[in-house]
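Protein chains: 2
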Amino acid sequence: MERCPPFLSLKLPVTYVVRMAEQHPSDLDAIFHPRSIAIVGASANPNTPGYDYVQSLKTFGYGGKIYPVNPKGGEILGMRVYESLQAIDADVDLVISCVPSKFVLELIEDSAARGVKAVQMFTGRFSETGKPDAIDLEQRLIDKAREAGVRIIGPNCMGLLYPEMGLSFRTDMSQKSGPIGFISQSGNLLFELTHFSDARGLRFSKAVSYGNGIDLNESDFLEYLATDSATKTIGAYIEGVRDGRRFLQALSQAAKAKPVVVLKGGRTSAGERTAASHTAALAGAQKVWEAAVAQAGALSAQTVEDLTDLLIGLAYMKPGSGRRLAMVGAGGGRSVLTADLCEELGLSVPPLPDDVEEKIAEKTPDLAGWVTNPVDQSILAGSGLGGARVLEWLDASPGIDLLLANVGEPWAFGRPNAEALIDRVTDRFIEVAAATKKPFAVVLAPSDYPDAERWRMTSEAREKLVAAGLAVFTSVERAVRTLARLAEYRS
Amino acid sequence: MERCPPFLSLKLPVTYVVRMAEQHPSDLDAIFHPRSIAIVGASANPNTPGYDYVQSLKTFGYGGKIYPVNPKGGEILGMRVYESLQAIDADVDLVISCVPSKFVLELIEDSAARGVKAVQMFTGRFSETGKPDAIDLEQRLIDKAREAGVRIIGPNCMGLLYPEMGLSFRTDMSQKSGPIGFISQSGNLLFELTHFSDARGLRFSKAVSYGNGIDLNESDFLEYLATDSATKTIGAYIEGVRDGRRFLQALSQAAKAKPVVVLKGGRTSAGERTAASHTAALAGAQKVWEAAVAQAGALSAQTVEDLTDLLIGLAYMKPGSGRRLAMVGAGGGRSVLTADLCEELGLSVPPLPDDVEEKIAEKTPDLAGWVTNPVDQSILAGSGLGGARVLEWLDASPGIDLLLANVGEPWAFGRPNAEALIDRVTDRFIEVAAATKKPFAVVLAPSDYPDAERWRMTSEAREKLVAAGLAVFTSVERAVRTLARLAEYRS
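Residue numbers (this note's numbering), protein chains in the order written: chain A, 1 to 491; chain B, 1 to 491.
For the record, the hints were derived by calculation from the structure and aren't laboratory data. A quick note: this is a predicted structure, and the numbers were derived from the prediction, not measured. Among the hints, a few may not be true.
Any copy, or any two copies together, can satisfy a pair, since identical chains are not distinguished.
Stated by the list, open to error - Simulated pairs of lysine-lysine, DSS-like, Cα-Cα distance not exceeding 27 Å:
(1) LYS318 to LYS117
(2) LYS363 to LYS131
(3) LYS131 to LYS464
(4) LYS359 to LYS258
(5) LYS131 to LYS102
(6) LYS144 to LYS287
(7) LYS131 to LYS359
(8) LYS363 to LYS102
(9) LYS363 to LYS144
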């Protein structure tokens, strides 16, 4: 196994040469819109991927034909199981393979004979095992596919997720469509994103887990999402690239069209070793990588948390390059710490602009000269002046570029009218969001309470904020980090 | 107002001079164990602090006498309201003041006349307003208290939280006792800690919000918690210190007795300006501060998230200074990213030690040489070898110092037997935790689901893990950051 990361063969700085992609995006468009799908290695055992794929297509409401295939025949979820691809007396556009790796060469032949456009291979145990015979089999697989004119997604992947089309690989992925396109070498990571952040609006136009990426790879999918009108922002989890020059070209083109955030796995020697056993990717040197991603006009993320927050910020906040932040809704300690973190990350937290000071002095003379920015909610308490009103004044002020608002739900919980308080503040933040032209981040902590009522109130508040298109962050820290990164990116 | 932070007057490096504290810790012990409490400014209106204090003492089961005081008389929660302190015909140990600031001088006189040991002042609007007359009043307040021999907690504070004694300032603070002592210049911050992290075991032996700290201050409380046997770990949120030399001495003494984590507010000019309006603290220069905290043997935290995670790690993980980490339970992408983050933060993620490799080869020959560290859960799937078994082998191996285990609950949700799967993995992690002598961190994401069943399963799993004394982190990233910081601290 060649150990030199192919990415390192890049000479930087690169002059990007615009050239024709090896296939038209329309090839991928057909693959994302199959009229019929055969699941080869389908199973009636609910604890198998061969069942998951069949059930997912049903659950997600896929509108084309579904053909489960298994030599044993029988039925799965009320559908006839075909004994072979040949036994299907109709066209098959996409094959999903759940068979053991020893059957894949034959499967490619059978697929070609049926006119199949692409085979999505959940089937693994290829080069990622590090074993010579498995590496050899992978090579024969790609040779066979090229010879037969069949495209491959994977192997060792979960494949396509396209809620609007009814395509999914597990029933418990989110069925909600959203503005984010995603490409991932890891199926599990895509799966985690749905589970942990769907409630925050991290929802996909189209996504793909492409595993070892021996044929269709990161560049193909990037090129496709760059021109996909339903995709407003692109995220990527990449362990290694097959062709560094082509990738940078695709990344640069995509980043010209819409924001792109890339999370790189295999940045260190331990990560690289792990990546080799995961998708057989050869990871690139981190500094070169980061420089290249920045030069292409994309954003680098370091963790899944960063990636999630940046995508949500890009998808749901107005763009803006100013750095003067104002915050409302937090108590004293939190306000002090927020000011610290902002300044440490390159934002500024100026004193209240004069126009806002004047409005406060008019409404509550008592607080004039005491209230500062961040606006300490506990100082406002009982004054008759609410945080949301101050937020509106801050929005109207030319002295402020960025708005950060904290729901402050813990404080409401202890009050007799908790639900009304939380409702009121979320409604007011939604009003501000509808009017503002500035980047606006809202903080609402996870609905992470053993108490069912608190969980319900927090969950419903989040649902309302997200449905109204607001960018919701789980902590002040994460909101500030995102605002700081995006201010840098937009400038 | 003097603008030069008194902290800067310190000459570093400091030779710590052991000297007698100005009062014996036993003074504070009496204040933490009042036999009777009068709430002056008590109110029957549930939306006031004067009600909260009375209700909190009842709810928390405070065993001493409670005397609500208000010139209007009447009843609150079935208790007689006294028209004045003088009207109480019994000893009063502690007074909680909710009256406007113009009444505080008289209150001190009345308290002294009643033999009160300390007055805890929720009452605010002193030097934190920045107004000359308020600053002057604060000075007269401390002069009066010293003259009268009455100690002050605050002003502008929430005061004591001591669940075992039944002391609290809001009913919705956690009633569960724990191993962590906490001192905070911000009441809201203490409040947030309970709300956001009680479920993770961030529970207090004794805590205090001390606001402006004009009499009893950070050094007094640190000295007290250092010798408090119920306190195993100390956390502090500090905006400014009154006497830098005494503080460093107290911090150093405390850190010799037990781990101390300090979060500093007012690190930047914007934070300092905000701190002035919050507790009138004059913040110290950050570099000097950090050096001094490190020299005293304590840990610095930068955010509330850091502070929370460090306290949980210190309270619930075994100590250990080795840096070789092993992880089980995550999928491929997550494993790669974890290895990266570990190495970037100074931990090492070695390949599986030979003794573990041998056990894997014996049990599942197919996986030998493919499975690496971190142990990719998706490779183990269907092999008959579970992640918890590998974790036990890693625990037994001399080649590994730190254990990190991911519950992986999203993967379980989609399975028909989700609850049994999550139960099984948490039980197995609890078994490993009971046996291990190594630092062991568990990752379970927030129970942050709009779906009630998922919320319930996650909440119950967390409750079980925390009840068994495990250190639970909300993300792999946060667990790794904590393990890295604590490995550095312990070495």
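Verification of the supplied hints:
no., hint, verdict
1, LYS318 to LYS117, "neither (40 Å within a copy, 56 Å between copies)"
2, LYS363 to LYS131, "between (74 Å within a copy, 19 Å between copies)"
3, LYS131 to LYS464, "neither (51 Å within a copy, 41 Å between copies)"
4, LYS359 to LYS258, "neither (39 Å within a copy, 50 Å between copies)"
5, LYS131 to LYS102, "within (14 Å within a copy, 81 Å between copies)"
6, LYS144 to LYS287, "neither (37 Å within a copy, 63 Å between copies)"
7, LYS131 to LYS359, "between (71 Å within a copy, 19 Å between copies)"
8, LYS363 to LYS102, "between (77 Å within a copy, 23 Å between copies)"
9, LYS363 to LYS144, "neither (76 Å within a copy, 35 Å between copies)"
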